[in-house]
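Using the sequences plus the hints, can you model the full thing?
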Amino acid sequence: MELIKNPNLPFMSWRRYGYIFSGGLVIIALLLLFLKGPKLGVDFVGGALVWVRFEKPLEVSEIRSSLAKIGQEQASIQRLSGTNEFVIRSVTKIDPDSFATSVIRQLQQDFVDNPLELRSRETVEPKISQELTRKTIIGVLVALFLMGLYIWFRFDYRFGLASVIALFHDILIVIGALILTGREFTIVVVGALLTIVGYSINDTIVISDRVRENRKKMRGVPFIELINTSINETFSRTILTGTFVIVTLFCLFFIGGPVIADFAFALIVGLIFGTYSSTFVVCALVTDWELKFPRKKGK
Amino acid sequence: MRNIGLRMGIVIALIIIGIYTIYPSIRLYTAKGLTKEEEGKLLKRAIHLGLDLKGGMHLVLEVDTTGIRENPDKLRDQALEIIKNRIDEFGVYEPTIERQSGARILVQLPGVDRERALSLISRIAHLEFKLVAEDRVQDVIKSVDKFFESKDTLAFAEPFSSYLLGVEHDMGIDVRDEDSVRMMIAQAESIIPEDLEFLFGPKESYQGREVKRLYLLKKEPEMTGETIKDARHAPYQGPELQYAGAWIVELEFKRDAARRFATITGRNIGKRLAIVLDNIVQSAPYIKERIPQGRAQISGNFRAEEARDLAIVLRAGALPAPLKIAEERSVGPSLGKDSITRGIRASLLGALFVVLFMLIYYSLSGFVANFALLLNVVLLVGILSAFGGTLTMPGIAGIALTIAMSVDANILIFERIREELHIGKTVRTAIEQGFNRAWLAIFDSNVTTVITGVVLYLFGTGPIRGFALTLIIGLIANLICAVFVTKVILDYFTYKFEITKLRI
Numbered sequence: 001m002e003l004i005k006n007p008n009l010p011f012m013s014w015r016r017y018g019y020i021f022s023g024g025l026v027i028i029a030l031l032l033l034f035l036k037g038p039k040l041g042v043d044f045v046g047g048a049l050v051w052v053r054f055e056k057p058l059e060v061s062e063i064r065s066s067l068a069k070i071g072q073e074q075a076s077i078q079r080l081s082g083t084n085e086f087v088i089r090s091v092t093k094i095d096p097d098s099f100a101t102s103v104i105r106q107l108q109q110d111f112v113d114n115p116l117e118l119r120s121r122e123t124v125e126p127k128i129s130q131e132l133t134r135k136t137i138i139g140v141l142v143a144l145f146l147m148g149l150y151i152w153f154r155f156d157y158r159f160g161l162a163s164v165i166a167l168f169h170d171i172l173i174v175i176g177a178l179i180l181t182g183r184e185f186t187i188v189v190v191g192a193l194l195t196i197v198g199y200s201i202n203d204t205i206v207i208s209d210r211v212r213e214n215r216k217k218m219r220g221v222p223f224i225e226l227i228n229t230s231i232n233e234t235f236s237r238t239i240l241t242g243t244f245v246i247v248t249l250f251c252l253f254f255i256g257g258p259v260i261a262d263f264a265f266a267l268i269v270g271l272i273f274g275t276y277s278s279t280f281v282v283c284a285l286v287t288d289w290e291l292k293f294p295r296k297k298g299k
Numbered sequence: 001m002r003n004i005g006l007r008m009g010i011v012i013a014l015i016i017i018g019i020y021t022i023y024p025s026i027r028l029y030t031a032k033g034l035t036k037e038e039e040g041k042l043l044k045r046a047i048h049l050g051l052d053l054k055g056g057m058h059l060v061l062e063v064d065t066t067g068i069r070e071n072p073d074k075l076r077d078q079a080l081e082i083i084k085n086r087i088d089e090f091g092v093y094e095p096t097i098e099r100q101s102g103a104r105i106l107v108q109l110p111g112v113d114r115e116r117a118l119s120l121i122s123r124i125a126h127l128e129f130k131l132v133a134e135d136r137v138q139d140v141i142k143s144v145d146k147f148f149e150s151k152d153t154l155a156f157a158e159p160f161s162s163y164l165l166g167v168e169h170d171m172g173i174d175v176r177d178e179d180s181v182r183m184m185i186a187q188a189e190s191i192i193p194e195d196l197e198f199l200f201g202p203k204e205s206y207q208g209r210e211v212k213r214l215y216l217l218k219k220e221p222e223m224t225g226e227t228i229k230d231a232r233h234a235p236y237q238g239p240e241l242q243y244a245g246a247w248i249v250e251l252e253f254k255r256d257a258a259r260r261f262a263t264i265t266g267r268n269i270g271k272r273l274a275i276v277l278d279n280i281v282q283s284a285p286y287i288k289e290r291i292p293q294g295r296a297q298i299s300g301n302f303r304a305e306e307a308r309d310l311a312i313v314l315r316a317g318a319l320p321a322p323l324k325i326a327e328e329r330s331v332g333p334s335l336g337k338d339s340i341t342r343g344i345r346a347s348l349l350g351a352l353f354v355v356l357f358m359l360i361y362y363s364l365s366g367f368v369a370n371f372a373l374l375l376n377v378v379l380l381v382g383i384l385s386a387f388g389g390t391l392t393m394p395g396i397a398g399i400a401l402t403i404a405m406s407v408d409a410n411i412l413i414f415e416r417i418r419e420e421l422h423i424g425k426t427v428r429t430a431i432e433q434g435f436n437r438a439w440l441a442i443f444d445s446n447v448t449t450v451i452t453g454v455v456l457y458l459f460g461t462g463p464i465r466g467f468a469l470t471l472i473i474g475l476i477a478n479l480i481c482a483v484f485v486t487k488v489i490l491d492y493f494t495y496k497f498e499i500t501k502l503r504i
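Here the protein sequences come in this chain order: S and A. Going left to right, the first sequence walks through residues 1 to 299 as our numbering numbers them. Going left to right, the second sequence walks through residues 1 to 504 as our numbering numbers them.
Hints in this document: simulated from the structure, not taken from any laboratory. Note that this is a predicted model, so its numbers are computed, not measured. Note that CB positions come from ideal geometry on N, CA and C, so glycine has one too. Please note: incorrect hints may appear among the correct ones.
[As the list claims (entries may be wrong)] Selected chain S positions facing chain A (in silico; Cβ < 10 Å): (1) Ser13; (2) Tyr17; (3) Ile20; (4) Arg121; (5) Glu122; (6) Ile187; (7) Ala192; (8) Asp203; (9) Thr241; (10) Gly257.
Right under this line is the structure:
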């Protein structure tokens, strides 16, 4: 079976729309990042997370008024849809442990005939969260440095520079999507971001390899056509692999439960845009670069 | 065809290695009615479940050195030793207890009851024997009352003595008044004689109200917990009705401590000796006679497990300083179970889609790719098991992702083979060229992911490390299976059956 038979789509003629689309999304993401800011989880700011399951249905407002009795009505209370489970978070700087303890005790006291079960409890002292933040930043920097080194070593410098721009594009859009949907930034989500970086480069490599190969075969062909042919030749692979990965991630997102949902969400957005950016950011930029500043023949 | 026999042999060897290494994990987590001994044996060669899947607690404890002048690292090491002993005796399966910088201790306990484990670990367990100053109680109370009368404070409208109630033959207070009473005692510090102190008992209910007993004790302890040789829990068998059905902790003193205990009891017959644990008076029995055998007991309405835990901490000794929870990540057992079920269900569904699609899209060659995929997963879990790796929830996601990404290699190869066939190459050359041309792209794309994996492993914590580990091992297995195994099988069949038309 063959779904996509010898595609011949003029991708590079569409690159202007690509720039507008990408530019727009990146600007929105930047606005969200600087105006709204990311919602940092307890890993990075310190605080407490209490996740409880009640036996019988209950409203968020009932929990809030119960917490008001201990002066914690400002805590974030989230109901996991379709369940009697609630996640209560607070980025309290002072003694997260007693916050968690007093929240649980208050809920047990106020809902005696609706017993609760502790699903999970996380408390992180601000001092520890600072260390975790530092460690995460170092980790991300090391990963980016190694990736950069690899790109420098592996691509020619035009593809290399373009793929670094594409990486920032992908990551910014994922961050924007996370902020827009009110998801928390945790260590696990940062892990997802790094995975996206790996996948995005991987996708670019497949196309750029094809370009390198075709450049030898198709001497004298206009550059724009060379790029288009290369994208088209790898197109069925791009779609197939992309579909497999995305379907698997959707399974994790919908069935995997709340523990893994944010992780899967970040990966889904990242993989869609990582695939998209290989063509509409990397190839588009390289094409325009070539059209403005053509390389000498034979190079 | 070069070395086809040898290469086929390697494939078969891989299959055997995969089955051999994955078997203990499958048996451990699916077989029912295993004995503890079998379980322990299997666990050594099986994959371990992370705290997020098994339930349990991850704690980073910090030694609270405020007011202690000793070297924090030394205090940490002492505390760590004691915690280790306590957990050993308590009997937790596979605990992790590690020292960390900054006077911190990492404790990971799978599958424990949070409250109970916490009280076992963080209880200081400082045991003291102090004499009750019954003959001086009335005088002290009177002088405290007089102190507040003369001070003319608005904070306490009632005199100190009006808060006091009788609890059996002791005095006590209502717990609702506890804060006021504590504050009064603190303010009247200068009035209370220097060699005496007020201490409370544990909370109990008495005639329908919550009360705590209040004792006036000699500050200087007669003896402390360091003199204990052994501690055991036992049912209470004495005459007092209030303890009927409860459990006690029996103490046995070391040799010279036993002698001292005999002297103390002999000298104070008719007085009361309070047993104080972490500044709470557990009980204060009357000394009826000299006790020469070096034995004592702590009674305090304990349930069996409370008494057992108390005996453990007393045997292990007191912590040198209080511990503070700097970081905690606890997962209840129900959440862990849910995560496993959901993770496996999601992965299976994703895998099912991939396998079916590969079969439809590439027909027989898709079947070969699926076989390589299956071997890939078996080897991934097998290698993880053999190295004692830990499976976490992000790790399960990592396996699912590996399944999806490992077919990428086969797609790259098969698409390439199709292209070669389109331009009229023979089956054998098409396969040869397809693999050769796709190889570089496959290798490259795996390198970037391995970089991510290694960094995540080095800088990540807990669950994310599990993800990194599955990613790295998955990719190595992928290079072997998707490229080598698929090639060998395709070669073998085209060679053996002299196929001239490849179903791809």
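Cross-check of the supplied hints:
no.	hint	verdict
1	Ser13	violated, 24 Å
2	Tyr17	violated, 27 Å
3	Ile20	violated, 29 Å
4	Arg121	holds, 5 Å
5	Glu122	holds, 5 Å
6	Ile187	holds, 6 Å
7	Ala192	holds, 9 Å
8	Asp203	holds, 8 Å
9	Thr241	holds, 4 Å
10	Gly257	holds, 4 Å
Violated hints for the displayed structure, listed by number in ascending order: 1, 2, 3.
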